[in-house]
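If you read the protein sequences in the order shown, they are chains A and B. First residue of the first sequence? That's 1 in the UniProt record's numbering, and the numbers climb one at a time after it. First residue of the second sequence? That's 1 in the UniProt record's numbering, and the numbers climb one at a time after it.
Since the hints were made in silico from the structure, they are not lab data. For glycine and all other residues, C-beta sits at the position ideal for the given N, C-alpha and C. No incorrect hints appear here.
Listed below are the simulated EDC-like cross-link pairs for lysine to aspartate or glutamate, each with C-alpha atoms no more than 20 Å apart in a straight line:
hint: 1; chain 1: A; residue 1: Lys493; chain 2: A; residue 2: Glu582
hint: 2; chain 1: B; residue 1: Lys784; chain 2: B; residue 2: Glu649
hint: 3; chain 1: A; residue 1: Lys493; chain 2: A; residue 2: Asp524
hint: 4; chain 1: A; residue 1: Lys28; chain 2: B; residue 2: Asp221
hint: 5; chain 1: B; residue 1: Lys28; chain 2: A; residue 2: Asp221
hint: 6; chain 1: A; residue 1: Lys493; chain 2: A; residue 2: Glu25
hint: 7; chain 1: B; residue 1: Lys656; chain 2: B; residue 2: Glu678
hint: 8; chain 1: A; residue 1: Lys493; chain 2: B; residue 2: Glu222
hint: 9; chain 1: A; residue 1: Lys493; chain 2: B; residue 2: Asp221
hint: 10; chain 1: A; residue 1: Lys421; chain 2: A; residue 2: Asp182
hint: 11; chain 1: B; residue 1: Lys493; chain 2: A; residue 2: Glu222
hint: 12; chain 1: B; residue 1: Lys395; chain 2: B; residue 2: Asp196
hint: 13; chain 1: B; residue 1: Lys86; chain 2: A; residue 2: Asp491
hint: 14; chain 1: A; residue 1: Lys28; chain 2: B; residue 2: Asp246
hint: 15; chain 1: B; residue 1: Lys763; chain 2: B; residue 2: Asp196
hint: 16; chain 1: B; residue 1: Lys560; chain 2: B; residue 2: Asp524
hint: 17; chain 1: A; residue 1: Lys28; chain 2: B; residue 2: Glu222
hint: 18; chain 1: B; residue 1: Lys28; chain 2: A; residue 2: Glu222
hint: 19; chain 1: B; residue 1: Lys560; chain 2: A; residue 2: Glu619
hint: 20; chain 1: B; residue 1: Lys86; chain 2: B; residue 2: Asp246
hint: 21; chain 1: A; residue 1: Lys86; chain 2: B; residue 2: Asp491
hint: 22; chain 1: B; residue 1: Lys493; chain 2: B; residue 2: Asp524
hint: 23; chain 1: A; residue 1: Lys560; chain 2: B; residue 2: Glu619
hint: 24; chain 1: A; residue 1: Lys493; chain 2: B; residue 2: Asp246
hint: 25; chain 1: A; residue 1: Lys141; chain 2: A; residue 2: Glu67
hint: 26; chain 1: B; residue 1: Lys395; chain 2: B; residue 2: Asp197
hint: 27; chain 1: B; residue 1: Lys493; chain 2: A; residue 2: Asp221
hint: 28; chain 1: B; residue 1: Lys493; chain 2: A; residue 2: Asp246
hint: 29; chain 1: B; residue 1: Lys28; chain 2: A; residue 2: Asp246
hint: 30; chain 1: B; residue 1: Lys141; chain 2: B; residue 2: Glu67
Listed next, the stretches of chain B that the computed footprint assigns to chain A, with coverage defined by at least 3 CB atoms under 8 Å from CB atoms of chain A:
hint: 31; stretch: 485 to 493
hint: 32; stretch: 623 to 635
Protein chains: 2
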Amino acid sequence: MTGHDSQKPAVPAALSVGRAVPRLEDPKLLRGQGQYLDDIALPGLLECAFLRSSAAHAKIDDLDVEEARAMPGVHAVLILADLMPKLTSGRMPLGASPTGGQSNSTPFVLSNSEVAYVGEPIAMVVADTRYLAEDAAARVKVAYTPLPVVTDARAGMSADAPTVRTELESNVLNSFNVGFGDVESAFANAAHVFSDDLWQHRGCGHSMEGRGVVAEVRPGDELCVWSSTQMPHDLYYMLQSMLGLDQDRLRVITPDVGGGFGPKYCLYPEEVAVPAAARLLGRNLKWVEDRRETFISSIQERDQYWTVEVAVDANARLLGIRGRLVHDQGAYAPKPVNLPYNSATAMSGPYMLPSYSMDVVIVHTNKVPVSSVRGAGYPQAAFAMERTMDLIAFKLGLDRAEVRRRNLIPPEKMPYTKKLKARSGAAMVYDSGDYLASQAEALEAAGWKDFPDRQARALAEGRYIGIGIANAVKGTGRGPFESGIVRVGQDGKVSVYTGATAMGQGIETALAQICADGLSLPVDDVRVIAGDTARTPLGLGGFASRQLVTAGSSVHLAAKSVAAKALAAASVILDVPQADLELKDGHVRVLASNRAISLAEIARTLRGAPGYAFPAGTEPGLESAMHWRSDSLAYANACHVAEVEVTPELGQVEIKRYVALNDSGRMINPMIVKGQVEGGIVHGIGNALYELMGYDDSAQPVTTSFQEYLLVTATELPFLETILRETPSPINPIGAKGVGEAGTIPAAAAIVSAVEHALAPFKVRISQTPITPEALFRLVESSKTN
Amino acid sequence: MTGHDSQKPAVPAALSVGRAVPRLEDPKLLRGQGQYLDDIALPGLLECAFLRSSAAHAKIDDLDVEEARAMPGVHAVLILADLMPKLTSGRMPLGASPTGGQSNSTPFVLSNSEVAYVGEPIAMVVADTRYLAEDAAARVKVAYTPLPVVTDARAGMSADAPTVRTELESNVLNSFNVGFGDVESAFANAAHVFSDDLWQHRGCGHSMEGRGVVAEVRPGDELCVWSSTQMPHDLYYMLQSMLGLDQDRLRVITPDVGGGFGPKYCLYPEEVAVPAAARLLGRNLKWVEDRRETFISSIQERDQYWTVEVAVDANARLLGIRGRLVHDQGAYAPKPVNLPYNSATAMSGPYMLPSYSMDVVIVHTNKVPVSSVRGAGYPQAAFAMERTMDLIAFKLGLDRAEVRRRNLIPPEKMPYTKKLKARSGAAMVYDSGDYLASQAEALEAAGWKDFPDRQARALAEGRYIGIGIANAVKGTGRGPFESGIVRVGQDGKVSVYTGATAMGQGIETALAQICADGLSLPVDDVRVIAGDTARTPLGLGGFASRQLVTAGSSVHLAAKSVAAKALAAASVILDVPQADLELKDGHVRVLASNRAISLAEIARTLRGAPGYAFPAGTEPGLESAMHWRSDSLAYANACHVAEVEVTPELGQVEIKRYVALNDSGRMINPMIVKGQVEGGIVHGIGNALYELMGYDDSAQPVTTSFQEYLLVTATELPFLETILRETPSPINPIGAKGVGEAGTIPAAAAIVSAVEHALAPFKVRISQTPITPEALFRLVESSKTN
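Isolated chain A (complex conformation) (with noise of 0.2 Å):
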């Protein structure tokens, strides 16, 4: 059991936790070699297409497939009638929340009598190709009764406006007042007050590859279901209830997912229609959402109506916020209000703020569904409260960033308590951060002080340069858990499986390098297994920045822990005491001696082959699960200074520096926590200028491919400066706060602020995004004429 160490390294490995570790996914992903979800093949593959309505609300008076179902090569052409047999109920389930929700707030599996929006799934179609079933879909025929739309939230609110769908009493899903402090006495004390009116577009997070799921039918009446998704899990216990199914008969997989931002949180018609098709006609199906069927089916975000009144003291400190929020919720609620909470939570961010009193109102309108996209609601509230210190600024005529200095959360107030409940009820507290510090130090690298001055000589040039900046806070790492096992194989590689999911971020080898650590091992002999419920059968996924954090403490502690195993083990099988042991690259060796056994024989020995003997005091298996809890989250913070030219006849917008400081605590690697950061920042980018999920005044959408809806390229960037500050989170064992939505949130209100600063002579407001050009165009124009 017991050898001279032949297998040695020649160079001992490193601790990889801090170091800039290439990513384990890139040598596969950049190759062509990952698999998506549309690489997944199965013999005797089908392919659906999904017949989706061209009316914003309609009631569908007839529909007739058989013309359809006649052609060649079509195997099926279902509507909800023909699914039923498979499921347990024909609409989709209602998602946890802690405000509540409504049962006849979610979609339908597939819509056959009434459709309220276009692109809502009214039949499936199943063919040899999808070729052929769009081209059967297209000869489904659909007699639509036109009804009346709604496309505008706030005139949705109105008593009298038309329901979005026929079974609702009112458009309004919910509304709720989220406040703290005596806002009234705030007001009447008030040495100032302002107000503001603010939008910010509708946008999808329009990952590289959609959405799309892949339903296999396995002996034992098993269902395997593969999904870009980022929620195996939460489609693992849907589909189970939808599809009457035992635990056991149901494993979900997340092949290599090419981006999540948001959109793959919700669970969607599809995801149900396709595994219940599959066990209906007892065949292997896929589909695959193409980019049309993005802008008009899978989740859009942003699209809220702030009403903001501030209260300031002489010294311009917050003394309260009152306002109202509302929410464009689009057809249907998959995940009721989630959002909007999340917005009016977040508004007041890095700041002190007294008191508050923000009203939401949750309004249905005849559009695409609206969930998450990068940030959750976060944006949208840093937007209204950046938007809101600029407007203190401008009416007091006070620099832009001591007014945020004087009202940002000091250090030594830390931990600092919000007087407000996070989605679990928890108390939110701020974990850790230096605000005042983060902002100075992305003040001074984007030359902040000597601004005016540059912007003086350019004006004299007849150049509109502006200065902009914007801060943001984002909790991090929700709980209440995540899986993290590590498993030792009999070859010594080490297994890592978890419930995070890998959408292309950097989170295998994060947590490669987690587990390599804490066994002492180079991180190439780690695999890292995301996303798969057979392998792990707890998890939750990914959402809310949340996967290095609760994943990454999960797989920390269990490597410790399959590290103290091995040590045991190895104290038995070499008869020497565990304080003359050390776990060095593979082995544990008998100090000061050349005694060694490998980890890998350690694994074979604590798997019990038969005739083994066992070491006593041993558990079996060298692996260990651990399901690291957190009740509360990891604040990151963030301070995005952006500099702009603006050419103000052509409404143009060039972005000439971009520096973002990010503190996002300890970083497992600072390669992939840039990468996240300038991520998000792009994303920021062209919330602000470009994005624009467009629909007429009938809500047919407008803007359905790439050539209506822009989306940033290289060549509207500048170079991404970016600062990585790293106040380590107290409240987890690895120190890491969350960065996938980090760099996002504050982006669009720093551009929007240096937009408006390089435009400070002509004295515009700015309260909308994107800024289009036409926008910006006509926004200078009419401040000549005021």
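Since the structure of chain A is already known, use the hints to place chain B on it.
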């Protein structure tokens, strides 16, 4: 989260352990709804056939596969070289063994240069159907040069014997002594010394379902393998290393298994060849053993030549036993020396034996490889010991039961330590049992005392009746552990996952009973998933009557742990002290109140659905994984008494009565225990009277169908009178002992004892099984001429 008690069942679940709960498996299995290996339906599945050696020992000069390859519908004809790109070794690995083995004793995946027994796989054909595959296999041209064969192990031992394979220097695989005490003194001081030469037939397990394997290539370079095996985890680990697969890329499942009986304990070349070919061809493949293949390629057993000398004192008390055990190993040794080691260490059985010395010689022959068949060496040991007991009685003119009584370990000596090591290296400690009472009870039930009178009366009528007795002890519950995972689903149904293998023996029902009682649920609410490496990372499988003891103990502990978790969580959720709660009927109920929370709801809460508040002080997951550790065996005991009538002139034996007392500790389900005992007896009766795997002098098998190889059918059997004693084992938490093999072990010895007794007037001594009519006739005839 809480609610009133609307779901309370009308009748509370009674404890099920100890009751003859109808088998959960039966509705499925008896209605033809079982899913056996051959029922695994996969799209695009191709079928395999093996070309097998027709020579017992030959060099293969040429192998021409071209004609077979050219046949329409044939996808591949593969020899070992074709498979090697997917294999790390062309030879099966050496199994773990306490006394070592030789790397050149294991079979090849395919043998292309030399064959060492009739049936050895040479090439593999993959075709659209099995028929085509068989036809193509017949077209492969093999040019053999015959080599000398060894058919008798005793002859094979000789230094000048030809070797069974040219790579061997000697046919003796291993030889060792098992013993203790001062044998020389014992024999020197003995009042009497007797000796005997014994042999038991060679035979197979002959399950209703033969072996078989399906290999499925899966997305992600994964492989799913179904095998009708007793050892899914062994297969999993072996395939990982033989195919060079990551632990995550392989899943091994045992579907419904139509009997194991030992031959499915070994891993076979076909279980490597089919998966390797599937990976090579990228196709899903199936191979199912046909009955002829069972006879020429599945493990066989018994076939040991024992020479026994016994020393007794004047009172017929044992002083010592010595002898030699020549074990026919067949052509290869897949599990090197476990079986003869078992035999040698098991011989003294329930008796006190002061000294012992058995020389074990393991010898290769050109016959099918040998490993375990039900009893795994114990039946030969019991046969040797019980024949010796009868010999002592015969020689000293004593009652056979009385000789045994004087030598049985009395209950007051329990726990009793034999001076031998179990295979794990642990001391052999009999944990409990009352062998004297067991024998007395069996004798009483069988009418032993009055039998001489009956026999005398019968003889007077010209009828030869006899009664025979045999005792046995079987070490059961071999560790080091078995997995038991209990998981409550969101629907309140409970899944039990275990590495134990369900082979039709009722383990699913027994584990469900244990789990149901632990959680106060009806048995029907529990589903047992046995033998799936994706469900249970750790597991050992089915052998050595181990599964109920080991998996049962783990499931018991896991269910208790889940119950404790449910109570802890309910206490937080309901805000009621645990002392005021009880778990009953699928709910945690508040005593003296109608408040309750269902296990389903606790499971949903503990899985951490997003947005749910998570109960303080509890762990995620209403589940528990236990691996109850076992370092010693639980010894079951039996006393069988058989009554026969012999017709000497026909050589015919009719079993008139069969009384079997069995003590397998605490019974989870007496109906299943009875079934196992009776099935075992039938197996043993077959061994005694009918089964014989025959080879001619050129090592050609002469029994390759059930026309030549006789299995017992109902017409040969009497009503079996089974008495179930219950001496709980003190060494496991459920008090159980294994029962899968106990019925077989003494049965042949009891039958032979009875036949010999019936033929007492002829003074014949029976030293071999099966006692075929021809053998019996000759025995009687030869006694007349003596």
